[in-house]
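**Q** Here is how the chains run, residue by residue.
Number of protein chains: 2
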Amino acid sequence: MAETVIHFGIIGCAEIARKVSRAINLAPNAHPSAVASRSVEKAAAFAKANNFPPDAKIYGSYESLLDDPDIDAVYVPLPTSLHVKWAPLVAQKKKHILLEKPVGLNVGEFDKILDACEANGVQIMDGTMWMHNPRTDKMREFLADKERFGELRTIHSIFTFAGGEDFLKNDIRVKPDLDGLGALGDTGWYSIRAILWATDYELPKTVVALRGPVLNEAGVILACGASLHWEDGKVAILHCSFLTHLTMFVTAIGTKGTLHVDDFVIPFNEKEAPYTTSSKSWFNELVTGWEPLPSQNMVFVDLPQEACMVREFARLVGNIKVNGAKPDQTWPTRSRKTQLILDAVKTSIERGFEPVEIAN
Amino acid sequence: MAETVIHFGIIGCAEIARKVSRAINLAPNAHPSAVASRSVEKAAAFAKANNFPPDAKIYGSYESLLDDPDIDAVYVPLPTSLHVKWAPLVAQKKKHILLEKPVGLNVGEFDKILDACEANGVQIMDGTMWMHNPRTDKMREFLADKERFGELRTIHSIFTFAGGEDFLKNDIRVKPDLDGLGALGDTGWYSIRAILWATDYELPKTVVALRGPVLNEAGVILACGASLHWEDGKVAILHCSFLTHLTMFVTAIGTKGTLHVDDFVIPFNEKEAPYTTSSKSWFNELVTGWEPLPSQNMVFVDLPQEACMVREFARLVGNIKVNGAKPDQTWPTRSRKTQLILDAVKTSIERGFEPVEIAN
Chain A
320 MAETVIHFGI IGCAEIARKV SRAINLAPNA HPSAVASRSV EKAAAFAKAN
370 NFPPDAKIYG SYESLLDDPD IDAVYVPLPT SLHVKWAPLV AQKKKHILLE
420 KPVGLNVGEF DKILDACEAN GVQIMDGTMW MHNPRTDKMR EFLADKERFG
470 ELRTIHSIFT FAGGEDFLKN DIRVKPDLDG LGALGDTGWY SIRAILWATD
520 YELPKTVVAL RGPVLNEAGV ILACGASLHW EDGKVAILHC SFLTHLTMFV
570 TAIGTKGTLH VDDFVIPFNE KEAPYTTSSK SWFNELVTGW EPLPSQNMVF
620 VDLPQEACMV REFARLVGNI KVNGAKPDQT WPTRSRKTQL ILDAVKTSIE
670 RGFEPVEIAN
Chain B
320 MAETVIHFGI IGCAEIARKV SRAINLAPNA HPSAVASRSV EKAAAFAKAN
370 NFPPDAKIYG SYESLLDDPD IDAVYVPLPT SLHVKWAPLV AQKKKHILLE
420 KPVGLNVGEF DKILDACEAN GVQIMDGTMW MHNPRTDKMR EFLADKERFG
470 ELRTIHSIFT FAGGEDFLKN DIRVKPDLDG LGALGDTGWY SIRAILWATD
520 YELPKTVVAL RGPVLNEAGV ILACGASLHW EDGKVAILHC SFLTHLTMFV
570 TAIGTKGTLH VDDFVIPFNE KEAPYTTSSK SWFNELVTGW EPLPSQNMVF
620 VDLPQEACMV REFARLVGNI KVNGAKPDQT WPTRSRKTQL ILDAVKTSIE
670 RGFEPVEIAN
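Protein chains in written order, with our numbering: chain A, 320 to 679; chain B, 320 to 679.
Warning: the hint list may mix true and false statements.
No copy labels: a pair is met if it fits in one copy or bridges any two.
Stated by the list, open to error - Derived lysine-lysine pairs resembling DSBU-like cross-links, with alpha carbons at most 35 angstroms apart: (1) 457 to 590; (2) 431 to 494; (3) 553 to 361; (4) 494 to 404; (5) 524 to 367; (6) 599 to 494; (7) 575 to 457; (8) 413 to 367; (9) 640 to 412; (10) 640 to 361; (11) 575 to 553; (12) 465 to 590; (13) 640 to 367; (14) 575 to 488; (15) 457 to 599; (16) 488 to 599.
Don't read these hints as lab results, they were simulated from the structure.
With the sequences and hints as input, model every part of the structure.
**A** And the structure:
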């Protein structure tokens, strides 16, 4: 049976929408059918530059795209502050939502979006691409292996990049009225997600921001860190920044093994995704070397991770459209947990680095 | 001119003394001349098992070794709690001291040792072997390179290993009366040193322990973490543990580059020491890959790092013995700073994770 092809519309011509347009083109069950901008010219130029097919529709307003009955799903790359307005409107038009991260300025906003999705029976998924890289499942297998990895005890995740002068002055991610969460909402989102992923989405009991976060004049976070603490003693540490050189890693340490990945958000190369594992390593007799050495693993990636994301989202949408399935709850639950931790880090900073309890 | 050969004695037959005995044998300017244990039989067996030459002297008490006029320098691998007693006795006998880490149970103890060294004009150096690996200087060159690395902003360092049931019950490193600092004094020492090394030994302004340290029934630290904060905004995070799989890394991030090393304390292989650098990396145009990729670097190591350590210590001792030089202050200053931070982490834990200011 041929797979149902889902017709996508995009509202807003953000930079990130270029990459997702390509992904919609690449995913076998997705079709780029429309793009909307606040100007028709901008939308037309975007469609042309991003290889939309000749029959793709060009809209000069988001509302007109949402009224198009041929569109099944809408990709929303708008600034975070606009999510709480536009995502519910998309849902009310019975269109499924692929929503950029962070999903809202706080979990309260995201709950409004979730309510709208539930009321209208539409699927929602956030745009965390690396979750869909085939490497991610391979790494998960290692973490779940009690023999090779044991019990998870510690996770460290960092994602930083040096934004540069222009970025720090003009990018929407440093503007309080657009993406007011700054580095925490951008790179921090990925590290928080990585930590939750490693724990199989078990929420921590307590979140404590590290001292010394860097905020810009408008109060937007440019760099910060936090430690997360679970009831069973697991500890995670995250650090995010717009102020230091491009670095991203996850190190997850269990009682018997260690996982390390240096390019978890954006792989060095989209066709090959590396990661390192070690298991029951110890020192040699005179403590002058290791036995066994860590293993370098490589996952070959046929379809870029963002196209895997579109394919998975379109599969869920197709299942609703054709089979009358209920919207999947796995992905929105993960989005909500990520936002919950993000909120807690921000609250802890605001409260002078006091621990913030996570209500489960 | 042939290099002066320094005659070493060892007091105590700890496991680590086996490795250092080999290093004394390998270093061109060092000679294993005597070993002392509380039993002559144990000392004799140690000398035999560790390839001491036939003329090496065997002593049934530490005092008798210290009275031997042929011994220039003494390696002290005794449990930490005994350092403050024995190291000053070694100094009073005008013998130079290679002292295992941590150098004391607190900086006050180490200051007593330093006073004794100064009063007697003897050299002291701690046993942090990785400092002497040729890789360490290569990595330092990268960190000092303003063009490739920029300004240091963040350092993360972890050193953990899974001690196992027997270790957690019987090892001296979990006994309050022997090595009362536990994981902080053992693996934590190395991470603290790595952080100080990365900052070129600039002391932080504030140290804050992370919540959730694990202590055994006797109150010895089995796992803990801390963040360190400098006046200029630099931040470092460390984590040490006896409870999770063998993992050790340093990631130092500057404004333009990143350094990462996965085996900083004990290289995977004593003849080759790898490290990764990246400089001015950014994403490609569509943010589907990195340009340039990080570089894998390898330093070939002729002499094992612990033998490099002995060679450097013996060189300093030789310079005092032959040329009447003053004892070097660089190494003891580094030891003291490391102990100072270690003390601050412990104090912060004891004070309920309050920040501890570092007096400079």
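**Q** Evaluate each hint against the coordinates.
**A** So, going through the hints one by one against the coordinates:
For the homomeric pair residue 457 and residue 590, the shortest alpha-carbon distances inside one copy (15 angstroms) and between copies (32 angstroms) are both at most 35 angstroms. Taking the shortest alpha-carbon separations for residue 431 and residue 494, only the intra-copy value of 23 angstroms comes in at or below 35 angstroms, while the best inter-copy value is 55 angstroms. When the C-alpha separation of residue 553 and residue 361 is checked against a cutoff of 35 angstroms, the pair qualifies neither within a copy, at 49 angstroms, nor between copies, at 42 angstroms. In this assembly of identical chains, residue 494 and residue 404 lie within 35 angstroms of each other by CA distance solely inside one copy; the values are 18 angstroms within and 60 angstroms between copies.
For a Cα distance limit of 35 angstroms, the shortest separation of residue 524 from residue 367 qualifies neither inside one copy, at 49 angstroms, nor across copies, at 55 angstroms. Taking the shortest Cα distances, residue 599 and residue 494 sit within 35 angstroms of each other only across copies (25 angstroms), while inside one copy they are farther apart (47 angstroms). For a Cα distance limit of 35 angstroms, the shortest separation of residue 575 from residue 457 qualifies both inside one copy, at 17 angstroms, and across copies, at 32 angstroms. In the homo-oligomer, the alpha carbons of residue 413 and residue 367 lie at most 35 angstroms apart inside one protomer (27 angstroms), although the nearest pairing across protomers, at 82 angstroms, exceeds that limit.
Proximity of residue 640 and residue 412 under a CA criterion of 35 angstroms is satisfied intra-copy only: 14 angstroms inside one chain copy versus 87 angstroms between copies. Taking the closest pair of Cα atoms, residue 640 and residue 361 come within 35 angstroms of each other only inside a single copy of the chain (31 angstroms); across copies the shortest separation is 79 angstroms, beyond that limit. For the identical chains of this complex, residue 575 and residue 553 are neighbours both inside a copy (15 angstroms) and across copies (33 angstroms), given an alpha-carbon limit of 35 angstroms. Taking identical chains as interchangeable, the C-alpha atoms of residue 465 and residue 590 lie at most 35 angstroms apart whether they share a chain (29 angstroms) or sit on different chains (33 angstroms).
Proximity of residue 640 and residue 367 under a CA criterion of 35 angstroms is satisfied intra-copy only: 29 angstroms inside one chain copy versus 79 angstroms between copies. Taking CA atoms no more than 35 angstroms apart as the test, residue 575 paired with residue 488 passes between copies only; the shortest distance there is 19 angstroms, against 46 angstroms inside one copy. In the homo-oligomer, the alpha carbons of residue 457 and residue 599 lie at most 35 angstroms apart both inside one protomer (19 angstroms) and across protomers (30 angstroms), since each shortest distance falls under that limit. Taking identical chains as interchangeable, the C-alpha atoms of residue 488 and residue 599 lie at most 35 angstroms apart only when they sit on different chains, with a minimum of 20 angstroms there against 48 angstroms within one chain.
Comparing the model with each earlier hint shows violations of hints 3 and 5; every other hint is respected.
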